[in-house]
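Novice: As a plain string of letters, each chain reads:
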Amino acid sequence: MAKIQVKTKINGEETEFLCQPYDTVLDVLRRDLNMTGTKEVCSSGDCGACSITMDGRLVCSCLVLAAETEDKNIETIEGMAKNGKFNVLQKTFLEHAALQCGICTPGMLVAAKSLLEKNTNPTETEIRYWLAGNLCRCTGYDKIVKAVQAAAEEMRENA
Amino acid sequence: MNEIDNKWIGKNTIRPDGADKVTGRAEYAADTIMPGMIWGRVLRSPHPHATIKSINTKKAEELDGVFSVATSADCVDFPVDTPVLLGIQDIRWMARNVLAKEKVLFHGHPIAAVAARTEEIAEKACELIEVDYDIHPWAIEIDDAIKPDAPILHDFIKFDGKPSNIAGTLEHKKGNVEEGFKEADIIIEKEFETAAVHQGYLETHACLVSVSPDDRTTIWSSSQGQFMVRAMTSFITGIPQSSIRAIPAEIGGGFGGKTIVYLEPVATILSKKSGRPVKMVMTREEVMRASGPTSGSKSKVKIGAKNDGKITAAQGTFYLQAGAFPGAPIRGAAGCCLAPYDIPNAHTFGYDVVSNRSKVAAYRAPGAPIGAYAVECVLDEVAEQLKMCPLEFRLKNAAKEGTKAVHGPTYPLMGYVETLEACLSHPHYKAPLKKLQGRGYASGFWFNAGGESSAQVNITEDGNVVVTTGHPDIGGSRASIANITAELLGIDVNRVSVLIGDTATIGFSNLTGGSRVLFASALVVTESTNQVIDILKDRASKIWKIDKEAIEWENGQARPAGDNAGNFKPLSLAELADQATPTGGPIGAGHQVNTVGAEGGFATHICDVEVDIELGIARVIRYTAAQDVGKAIHPAYVEGQLQGGVVQGIGWALNEEYIYNKEGKLDNPGFLDYRIPVCSDLPMIDTILVEVPNPKHPQGVRGVGEVPIVPPLSAIANAIYNAIGTRFYSLPMSPPKVLEKISD
Ligand code: FES
Ligand code: FES
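Protein chains in written order, with our numbering: chain B, 322 to 480; chain W, 23 to 766.
I should point out that these hints are in silico values taken from the structure, not numbers from a laboratory.
Nothing here was measured: the structure is a model prediction, and the numbers come from that model.
One or more hints might be untrue.
With a straight-line cut-off of 27 Å between C-alpha atoms, the simulated DSSO-like cross-links for lysine-lysine are [claimed, not checked]:
1) B:439 / B:330
2) W:332 / W:212
3) B:412 / W:33
4) W:456 / W:332
5) W:204 / W:169
6) W:75 / W:687
7) W:33 / W:409
8) W:718 / W:33
9) B:412 / W:452
10) B:324 / W:169
11) W:418 / W:328
12) W:81 / W:204
13) W:456 / W:759
14) W:195 / W:328
15) W:324 / W:763
16) W:295 / W:81
17) W:123 / B:467
18) B:467 / W:29
19) W:332 / B:467
20) W:33 / B:406
Modelling step: build the complete structure from the supplied sequences, incorporating the hints.
Specialist: Quick look at the structure:
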């Protein structure tokens, strides 16, 4: 089968790749572009470990076909720290011990960032429901919720 | 940098591997690549039970893009009737679990594997492998496996002299239970069931293996023990351990499920046969069908007590599923279930039952939650009949220092009573409840483990520190090791870097499991660091030309021990490192030992639930976990262990279960239908860290990782009873089951 040529923007950088019609964005990121920060855990949209944003919208990259990303703006975990500086969420996740094994962390961070871009003052319930699609088996979510709350607070203070 | 007054033990420092993990840089097994790498896939059994008459791989081998094919014929042959023990595992079973030999024993059992240019080609080649089966009846549930005419999985396993699926038994005995029950004023006996549940680590099993023509093998894999990977791969492939270098990738959760191998020996064979590096990554469905889970169970527990609340006798019988090969965690069930109590007469039995399910693997305090579920629920009923507060009742029967446990040991100093007292004085205990809300309590115990551990502490030329240990870091152990090393050396924690060595760079270290890692590695790191301090004093003594005994190490500096020693300006770690070459060479020390003195851990939990009687949903609305943690070296990660364990217990209690269909196949092999707790299901999980230091450890460490999953099953069951007056004797207490029972 002839491969499809795709031109897209990933973390602000123009990127071109060839893919099969059935390849997902996750396949291309991890296997072809060697951007392995985005994790594959279920490949069925049930865990959120593969979370990225596409034109600002939070999506599971295992559910989006790579061919659909033509002319889109993709953001992944690799683009979260800017100019060698952590995003506030990355910092609060570390400070609050919000990760144990860390496999859910990239997806969690991408999802939480997308929440805080819309709402810098979420309630605990809003955080819990926003992150309900991001599984974590290690932490029991307690410290993740607290890290997001702390990041939101910092963002409000610095606003 | 200020080297004065640093105190790191007990501080929530930033973990050394943290930055990599929040930026996506951390390398897990599935993230590794090698030039020339090809992909392996596994052919799995479509039947739950069948004899393999023949396997023909010719068509697969001929497919364009295929490099190699592996079957059990490529593995070392371990006769089925001769045990080959490696720790608690038997390599006979391990080899047959990795690639089926005489029989397939569960749906999803690996039969063959293919390495090809792409995963798609490997997958297609698997479909071209022809297997001729003789299909047998199967047994999935315990009752089906132990009934008289049950299909027998392994002909040579005998029980009572006859072929049987009961592969092993265990019992613990203390006093005389018959006499004990005679003394009792009330006796309660109940039967319980729990479903098989999966560890649910998010990272699926993965490895990359490269074998050179002279058999030198490098394995990158996600596991709880690189030395376990090396040993098992060596056994199964016949390549000597000295030729295998197993490199631990970052591990995306294990909870016991990554204490055995599935892919590494297969990828090794495929790589050896093809001459190419082979990468294998399981899908979630493969993980669910063919790795883990922990046992489902059936049990019966009987407890007798006097009217004054003293327990006189207890008896427990536990049947645990082992899956396809022997090895159910009956010791955890029968050994831990009565451990929190001082009971004069007790008798527990465990039965290891094989059936046509995937082979069980360890899961956090293996077996202990199953035993505690039954015992702690019956205790709740006894307390109710006696009209006693469940916590006061436990306090009255609590084991203490000097108590002889039913499973054998006499306890040293330990903090079970303190966990009960902490719960009794916590605001949660007295908080008001609304209608359809209820509160439940339960306690739990886990043995904890020590075992082999190695460490190396090296001072860098610029006077900083690199610590290497041999246990994969699952949940922040590097941070705790950094705290301890910084504390002993009296330097800033950021000057300590902590690495996990591979099998070629650090001495043998037992796998990460049994809540052993911090206990064991802190011991060897402490000893190594103390040796380094001794060397540093020696170097200072050479520079000052005074006796080493006249030098002390304080706040990261060597200084004269008193006025008589002389008047010298203290030498910092950096200054001594700078002088290393002229004073004797590189500064570093290592230690390796079989650590002993890991003492057990105890916990008591309080749980509030609210039951929606229309939907049958029981929701945990408040949770408090008190645990004797010995000494919390990094409190936030200790809390994290408690919170994570509790939430896995909540999943076990309320939702998770392996559901088999009529064809003997797992019906819910994904996170959509196998529902683990999500963020919106839960409240915050409060923790109370009770610190009764382990007297046998330099920092007082006790294992903390496993105990937290022991009490939740029964705490929740007891809370649901308290809320709606209905007792559940079967897990999970999922909405359909709750609804059915309420409407009865
Ligand atoms: S891998 Fe995409 S949602 Fe799980
Ligand atoms: S930290 Fe391990 S899954 Fe979230």
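Novice: Can you give the numbers of the hints that this structure goes against, from lowest to highest?
Specialist: 4, 5, 7, 9, 10, 12, 17 and 19
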